[in-house]
Amino acid sequence: MNYNKNSFQAVYNLYAKQTWLLDKKHELAELVKFSGEDMSLVVSLLERFVNIEDKALNFYLDQMSDFIINHSSYSEATAQIVAMSYDGQADSGQKTLDQIKIPLYKNGWKDVQTVNTIGGAVKQYKKGKTEIIVVDEFIGSGLTVLNRVKKLRSDINPHINITFCILAGIKDAVDLVAQQGINIFCPLQLEKGISGYYTGSELTDAIASMKNLEQKLAKKIKDKNLSDYSFGYGHAEALLTMEGCNGNTPNSVFPIFWWVKDKDNKDRDTLLTRYERGF
Numbered sequence: 001m002n003y004n005k006n007s008f009q010a011v012y013n014l015y016a017k018q019t020w021l022l023d024k025k026h027e028l029a030e031l032v033k034f035s036g037e038d039m040s041l042v043v044s045l046l047e048r049f050v051n052i053e054d055k056a057l058n059f060y061l062d063q064m065s066d067f068i069i070n071h072s073s074y075s076e077a078t079a080q081i082v083a084m085s086y087d088g089q090a091d092s093g094q095k096t097l098d099q100i101k102i103p104l105y106k107n108g109w110k111d112v113q114t115v116n117t118i119g120g121a122v123k124q125y126k127k128g129k130t131e132i133i134v135v136d137e138f139i140g141s142g143l144t145v146l147n148r149v150k151k152l153r154s155d156i157n158p159h160i161n162i163t164f165c166i167l168a169g170i171k172d173a174v175d176l177v178a179q180q181g182i183n184i185f186c187p188l189q190l191e192k193g194i195s196g197y198y199t200g201s202e203l204t205d206a207i208a209s210m211k212n213l214e215q216k217l218a219k220k221i222k223d224k225n226l227s228d229y230s231f232g233y234g235h236a237e238a239l240l241t242m243e244g245c246n247g248n249t250p251n252s253v254f255p256i257f258w259w260v261k262d263k264d265n266k267d268r269d270t271l272l273t274r275y276e277r278g279f
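Per my numbering, residue 1 is the first one in the sequence shown, and the count goes up by one each step.
Treat the hints with care, as some may be off.
With a cut-off of at most 20 angstroms between alpha-carbon atoms, the simulated DMTMM-like pairs for lysine to aspartate or glutamate come out as follows [stated by the list, open to error]:
#, residue 1, residue 2
1, Lys129, Glu76
2, Lys211, Asp262
3, Lys266, Glu276
4, Lys17, Glu27
5, Lys95, Glu276
6, Lys101, Asp54
7, Lys224, Asp91
8, Lys266, Glu30
9, Lys224, Asp262
10, Lys216, Glu27
11, Lys25, Asp267
Treat the hints as calculated values from the structure; they're not laboratory data.
Starting from the given sequences, assemble the full structure and let the hints guide the process.
This is how it looks when you write it as structure tokens:
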């Protein structure tokens with residue numbers, strides 16, 4: 001694509017800061033074209049984007065493992081490590097559960113009980129696994145964590161020992177969970193992409209720009225409503241993808257980067273990929 005005068009320098013400077021975009025030149029060009037007069041906001045967001053690659057992933061998994069073994073106060077004999085997942089469909093919680101098994105093994109927990117779904121924790125609790133560690137890849141709003149706590153307390157008892165160990169997340173969400181008296185460890189914490197960065201009139205302008213961008217997207221794709229993902233699910237405003245380590249893009253990310261249809265229901269060559277059931 002031939003960039004116009006206004007976008008040329010911004011995009012070329014972006015490549016120096018975010019080298020992973022060099023593998024997505026076509027998709028970036030399409031996004032710039034799609035953004036139009038709101039391109040400056042998109043460039044600003046991309047400058048601050050986090051693309052987790054394999055080395056970083058392994059580092060954060062090691063940090064999670066160290067926390068579980070050395071700082072959670074739980075023991076291997078009485079602990080169970082549970083995916084945040086609600087059902088048996090493969091998702092980020094089950095992926096994180098599988099990924100963390102090796103760091104735990106290397107650090108001494110060679111026979112810890114793992115559980116693929118939140119509901120499965122009840123059975124293991126009755127077998128003496130009374131210390132529950134819930135793992136997942138990302139926390140965007142904190143609402144899913146609060147819902148899982150509510151379910152576990154209802155299904156087991158109100159005073160169970162629960163700790164959440166999440167690889168990455170929005171700082172506001174982590175703080176929300178902690179303020180409820182729930183134990184949580186999250187080694188990579190990010191500010192919200194717009195409201196955590198801009199202030200005053202710049203914040204007002206940035207919000208307006210993002211609303212303009214979202215108006216160019218399809219309002220619905222099959223059974224998925226764009227309104228549920230506006231500014232990222234739960235208004236998380238996340239700037240993170242796991243594509244650098246062959247992972248998914250969280251639904252907490254601004255949909256302008258991954259929503260696959262425009263307002264005319266035409267396919268978009270999106271910068272990021274999100275596997276989303278129902279798309």
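Against the structure, the hints come out as follows:
1. For the suggested pair Lys129 and Glu76, the alpha carbons sit about 9 angstroms apart, so the restraint of at most 20 angstroms is met.
2. For the hint pairing Lys211 with Asp262, the CA-to-CA distance comes to about 14 angstroms; that is within 20 angstroms, so the pair holds.
3. Between the alpha carbons of Lys266 and Glu276 the distance comes to roughly 18 angstroms, so the proposed pair stays at or under 20 angstroms and holds.
4. A distance of roughly 17 angstroms separates the Cα atoms of Lys17 and Glu27; the hinted pair therefore holds under the 20 angstroms criterion.
5. A distance of roughly 15 angstroms separates the Cα atoms of Lys95 and Glu276; the hinted pair therefore holds under the 20 angstroms criterion.
6. Distance check on the hinted pair: Lys101 and Asp54 sit about 16 angstroms apart at the alpha-carbon level, within 20 angstroms; holds.
7. Taking the CA atoms of Lys224 and Asp91, the gap is near 17 angstroms; set against the 20 angstroms cutoff, the hint holds.
8. With a C-alpha separation of about 13 angstroms, the suggested pairing of Lys266 with Glu30 holds against the 20 angstroms cut-off.
9. A threshold of 20 angstroms between alpha carbons decides the hint, and for Lys224 with Asp262 the separation of about 14 angstroms falls inside it, so the pair holds.
10. The hinted pair formed by Lys216 and Glu27 meets the criterion: a straight-line CA distance of about 17 angstroms does not exceed 20 angstroms.
11. Annotation: proposed proximity of Lys25 to Asp267 holds, straight-line Cα distance about 18 angstroms (limit 20 angstroms).
In summary, this structure violates none of the numbered hints.
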